[in-house]
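With the hints as your guide, set chain B onto chain A.
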Amino acid sequence: MYQSFNISNFRCFKNLNVTNLERVNLIAGVNNVGKTALLEALFLHCGAYNPHLTMNLNALRGIESIKVELGQMIETPWDSLFYEFDISKEIQLIGDDKTTGVRKLQLDIIRDVEGLMKVSQLIQHDINWTKETSLSLESPQVLELSDMSNGQNSYYLILDHKGIRGVPIPPPPPFPTIYLGSMARVPLSEEASRFGKLELNRQLNVLTNALKVVEPRLDDLSIIVVGDTPLIHGDIGLERFVPLQFMGEGMARLANFVLAIANSPDGVVLIDEIENGFHHSILTKVWQVIGEMARKFNTQVFATTHSLECIMSAHKAFMESEHYDFSLHRLERINEAIDDVPYDQNALEAAIEIGLEVR
Amino acid sequence: MDKDHPIEIIKPNLLLVEGKDDVGFFEVLIKYLDLNDIQIINVGSTSKYGDRLKAIRNSPNFKKIVISIGIVRDADTNSDAAFQSISGYLRSAKLPVPKKPLKLSKSTPQVTVMILPKEGEPGMLEDLCLSSILSDSAFPCMEAYFQCLQEKGLSLPNKISKAKVQVFLASRQKVGLSLGVAAKAKLWPFDDNAFDQVKTFLQMI
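These protein sequence lines are chains A and B, in that order.
In this text, residue positions in the first sequence follow my numbering: the first is 1, and each later residue adds one.
In this text, residue positions in the second sequence follow my numbering: the first is 1001, and each later residue adds one.
The following block holds chain A by itself, in its conformation from the complex (with noise of 0.2 angstroms):
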């Protein structure tokens, strides 16, 4: 479980220090302030050994495609994560979490001829790299991913004329992590995997019972496949079990929630924009599932917010749990840099109980 994240350099971050981590952690903040962004910093970090990881960052804020280019002079795919889009500067991400102890993370842009040829070293040759060929206009693009907490192991990820490729094959991450985008919905291949894993351990009333929260009338889940489709199908005291989408968004997000923190069994879930799909009357039923689910599988939770009510709910929420395992965190951007504004419960409650603005 983290307990304080630092990245350097990455999307509009040149410096931000995130402390005071709970097993919740609400992000609200203006627009365009970095939410999202730090969500991502986590991810990559989580991820830690996987540059592929990337890749996937620009799909989850609904970029589909990305326009992939050869050459030293020309903008690579990774741009875009670089503070500014200077790639002079490399990206530092340092999470303490109590698993795993401070780790420390480097992403960098290879652009120099003895870093190119070292990586095609690496590569045995499979692309012969030489100084006439980082001069010519097709110059392949390669991104490299230190964990620097063991002196320096890295992990390239490399796109030229053959495609795209990691070198070397990255060992597994120190703990699962789930990204659920704001805008992209979780397919739902990946949805019924989820739900089998919950079902072979015989965890899936922890599922039924988080979703009679919006659906009292839910008696019973099962997987029935729709054409191609595997769907998660609700008893609702109907004739016919119904396909969860049919009930309701919030039905099908809170069933994204409970499913990725169930199946990330101590790590951590990251959920950008949780409020969207949910009713404000059931927004504090709906964290006090959150809460219940992360106690109970042991993850850790960062979610972002744009909702007054939805903050409002989560402290009620933790509130009235047994733990307090909650904080709010708003990103402010004073001057050049961006802030992270941290709420403990007393300070919330006097925000609230005053009517101050806290996103």
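Treat the hints with caution; some may be incorrect.
Heads up, simulated DSS-like pairs for lysine-lysine below, C-alpha to C-alpha not over 30 angstroms straight-line [claimed, not checked]:
#1 A/K316 to A/K212
#2 A/K14 to B/K1063
#3 A/K89 to B/K1103
#4 A/K285 to B/K1048
#5 A/K118 to A/K89
#6 A/K212 to B/K1003
#7 B/K1174 to B/K1186
#8 B/K1003 to B/K1103
#9 B/K1094 to B/K1064
#10 B/K1162 to B/K1174
#11 B/K1199 to B/K1048
#12 B/K1011 to A/K14
#13 B/K1048 to B/K1106
#14 B/K1011 to B/K1152
#15 A/K285 to B/K1003
#16 B/K1094 to A/K98
#17 B/K1011 to B/K1031
#18 B/K1174 to A/K316
#19 B/K1103 to B/K1162
#20 B/K1048 to B/K1099
#21 B/K1174 to B/K1152
#22 B/K1094 to A/K14
#23 B/K1094 to A/K316
#24 B/K1063 to A/K89
#25 B/K1031 to B/K1174
#26 A/K14 to B/K1064
#27 A/K316 to B/K1063
#28 B/K1020 to A/K316
#29 A/K118 to A/K212
#30 B/K1048 to A/K316
#31 B/K1103 to B/K1063
Think of the hints as simulated: they come from the structure by calculation, not from any bench.
Then chain B, alone, in the frame of chain A:
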């Protein structure tokens, strides 16, 4: 909290008060003094004062625009104790602490504290208002009323100044006014010398 209209910090100078009456009173006095850049926030009178100061310090825009904070608080029985209490809350909220009332703190945002009714005296905002109406023709009647109660052996209200303000305001044509609403109705003579110290304080913020 008003979910549709939460309080946003929009002015560089904050005046932190401890009740609705204070809000009404100071709104009018600030307008009377033509001070446009002061935003009043009702922090309330509570043991959670320190947390509330932290919440204000955490508010969006606080770091960006706030340059000065004025705090008013009733002395009640002990002016020094009230100041010490505020100083402790400021310290816990990591805000600058002035050395004494009506003095500016050295670091930013500049903090000034006024303990009401006036420096070194016990009492509250109501006492300040009462001291401004000594020459009002209804004042002796109000005093006579409480004198009468005493003579009849009736116990007087705990917060006698609040009761006196109510009785005084009951002498006006419109009934049921609170101290704050009375300020809006121009029932407190802001040109009276009694308000000199509080005016100086507001001009310091």
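Subject >> Which numbered hints fail >> reply: 3, 8, 14, 18, 29
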